[in-house]
Amino acid sequence: MTVADDYQGGVESVIRLDDRFPLETLQGIEAFSHLVIVWHFDQASPDDVQLHARSPRGDARWPETGTFVHRNHRRPNQLATSFPRLLKVVGRDLHVTDLDAVDGTPVYDIAPYFEQMGPRGPVTQPDWPGEMLEPTYWAPAADRTS
4 MTVADDYQGG
14 VESVIRLDDR
24 FPLETLQGIE
34 AFSHLVIVWH
44 FDQASPDDVQ
54 LHARSPRGDA
64 RWPETGTFVH
74 RNHRRPNQLA
84 TSFPRLLKVV
94 GRDLHVTDLD
104 AVDGTPVYDI
114 APYFEQMGPR
124 GPVTQPDWPG
134 EMLEPTYWAP
144 AADRTS
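Each residue of the sequence shown is one higher than the one before, starting from 4 at the first, in our numbering.
These are calculated hints, taken from the structure and not from any lab test. Some hints could be false.
Taking lysine to aspartate or glutamate and the EDC-like style, the derived pairs with C-alpha atoms no more than 16 Å apart in a straight line are [unchecked claim]:
#1 LYS91 with GLU33
#2 LYS91 with GLU15
#3 LYS91 with ASP101
Since the structure is predicted, the reported quantities are computational estimates derived from the model, not experimental observations.
Using the sequences plus the hints, can you model the full thing?
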């Protein structure tokens, strides 16, 4: 997959564990519907980091917000977290969908998603993330025109 801000939906990916990890490191993971994946924006450069307030995607419709309010590669550690659906496990291969990372991206950590470890209490956010992401972020990748 090429780098894209949107049309991440429905992409099936394989997270392949290195042979140094015994198969039993995944024992029981197939009982979970979703995973927590920590990965690196490896195609980004340290020069991409921006430690200042800016409008998301450079769009003036949305307010300028600080670096730690964005979820993109311009963060200082260039790490991301995704919550893909686990489809199946074949040996050391985790077949997932909706992992919004580029093919070949280094994965630093894998964990099952525990519902009890998710947000506690009501979740609030301003309107702009929904305005930015709802129309097309999880739209099917097959619908992408470029």
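Going back to the hint list, which numbers does this structure go against? none
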